[in-house]
Amino acid sequence: MKDQKKAKWILGTSGVILSSLLLTQFNNVPSDINIADLNLTNEQSKKMSDREKELVQLDWTNFEIVGVNQLQQNKIRTDRTTKRS
Amino acid sequence: MDTLSLNTMNTNFYIEIAGTQKMDWKDKVVKWLQQVAREWSRFEPNNELNQINQLKVGEIGRISPALYDCLKAADNYYTLTNNIFSPYLKLHLEQHGYDRSFPFQESTYKAIQIEKKTNKPFLFLDHNEVLKTDNQLIDLGGFAKGYIVEKIADWLRQVSPEFGIVDGGGDMKMWSSGKKTWTIGIAHPFHIHEEISSIRIQNGAIATSNRIFRSWKQQGKEKHHLLDGRTGEVIISPILQTTIITNSLCQAEVATKLAFLLNEQELQVWFDKLQMPCACLIAKDDGSIYWLKGGEKLDVI
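Protein sequence lines, in the order shown, are assigned to chains R and H. When the count follows this note's numbering, it moves up by one through the first sequence with no breaks and lands on 85 for the last residue. When the count follows this note's numbering, it moves up by one through the second sequence with no breaks and lands on 1301 for the last residue.
Since the hints were made in silico from the structure, they are not lab data. Treat each hint with caution, since some may be false.
[As the list claims (entries may be wrong)] In silico BS3-like links for lysine-lysine, alpha-carbon gap of 25 angstroms or less:
no., chain 1, residue 1, chain 2, residue 2
1, H, Lys1090, H, Lys1180
2, H, Lys1179, H, Lys1026
3, H, Lys1221, H, Lys1120
4, R, Lys75, H, Lys1180
5, H, Lys1179, H, Lys1273
6, H, Lys1179, R, Lys75
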C-alpha cells in the first residue's frame, strides 16, 4: 500500500474509533413518549397519500372571519380564545 | 363529549373530543405532556434537553425519538426561514435576562453582546443520534409546545374523528368531520378577556404571539422574549401581537415570529415560499388591527 493511501486508511479508522468513543448515549433518555403510538414523525407524514395531503391543505381554508359585533348581536359565545402565550 | 384540563409547562391545557372507545386517552395525554414539560425545558438542570446542550463539539448524542423529531422539525424551519426562526437562542435569551421561568419583572443578569452564528450547530444522524458541530445551545420555547399540541391532536383525531380541539394556552389545533364548527375568539393584546376579532373554523391550527406578555427590564432597558434568529437581538417592531391561522401548529408558531420581522409583502412572499396557506391578524401599537389573507388587507369588523 502506498504511504498516502495508508495514511488515509489509518485516519479513517481512527475517525471511526473516535466517533464510537465520543458517542454519548444518555442512559436516562425517556422512552415513555412512544412516537409510533402517537403516529408522530415527519417521516410518517411524508407517507400520506397525495389525496390526503390535498385534503389537509384545503381543510384549513374552510374558515370565516366573524366580527365581534356580529357575535354580540347574535349572542354567540366563542368556544375558545387564542391569546398571548 | 369528553374533556381534559390540566396545567403543565406553565400553560393551561384544555382538550375536548367528541368521544372515543379508547378509555385511557387521558392518561396517555397527561403522561406525554408531563414528560415534555420535564425533559424539554431549558430551565430543568438534568433533563434530556440539557444533556444535548452539554455535548461538546464533535460529540454524538442519542436522544429520544420524540425529541429528535421535534428538534429536526425546528432545525428544518431554521433553514427554511434563513435563520429568522431559530431554536438555537438559549445563550442569547439568557444574555437578555430571560434565565428563569416567568413571572418576573426585572433581570439582574448582566447583558453581554454575544456573536450570533448562523451555521447549523447539529447534524442529524440515523438512529436518533445528533452530532454537535458548533457551540450553540437549544431553546425550543413555544415550538415544543406547538409540536406536542399538534401531535396529540393528530393522535386524538384518529381515536375521535368526529371533532376535537387541543388548546395549549391559546395555541390550538382543531378538527371536525363537518358537523362541528368551532368559534374562536382572538384576545386583545393587553386585555385578554376582551376579544378583538373571531373566526369560525372546522379544521386548522391557530397560534398567537405577543411581545408584551413575556417582557421584563434589564439594566433599565425593556426586553421581551421574541428574538431575531439571525442576530440574537430583541425584535424591535411596531407590532404588538400576531395571530396566525394555517393548517399546522408548528408552521403557525414559526409564522408568528416571521410576522414580527417582515413587512406585509415580504411576509406573503415567505408564506408562498413555504407553501403556507395562511391568514394573519396583526395588532400594532398605534391601535390598528387588521387581517392579512391571501395577500389582501382586511379591516376587523
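* Asked: Are the Cα atoms of H/Lys1090 and H/Lys1180 separated by 25 angstroms or less?
  -> violated (41 angstroms)
* Is it true that the CA of H/Lys1179 sits at most 25 angstroms from the CA of R/Lys75? -> holds (20 angstroms)
* Sort out whether H/Lys1180 lies within 25 angstroms of R/Lys75, counting only the CA atoms. => holds (18 angstroms)
* Asked: Is the straight-line distance between the alpha-carbon of H/Lys1179 and that of H/Lys1273 25 angstroms or less?
  -> With Cα atoms ~33 angstroms apart, H/Lys1179 and H/Lys1273 exceed 25 angstroms; violated.
* Pair hint H/Lys1179 and H/Lys1026, alpha-carbon separation not exceeding 25 angstroms -> Holds: H/Lys1179 and H/Lys1026 sit about 24 angstroms apart, inside 25 angstroms.
* 25 angstroms Cα cutoff - pair H/Lys1221, H/Lys1120 -> violated (30 angstroms)
Consistency note: the structure conflicts with the earlier hints numbered 1, 3 and 5.
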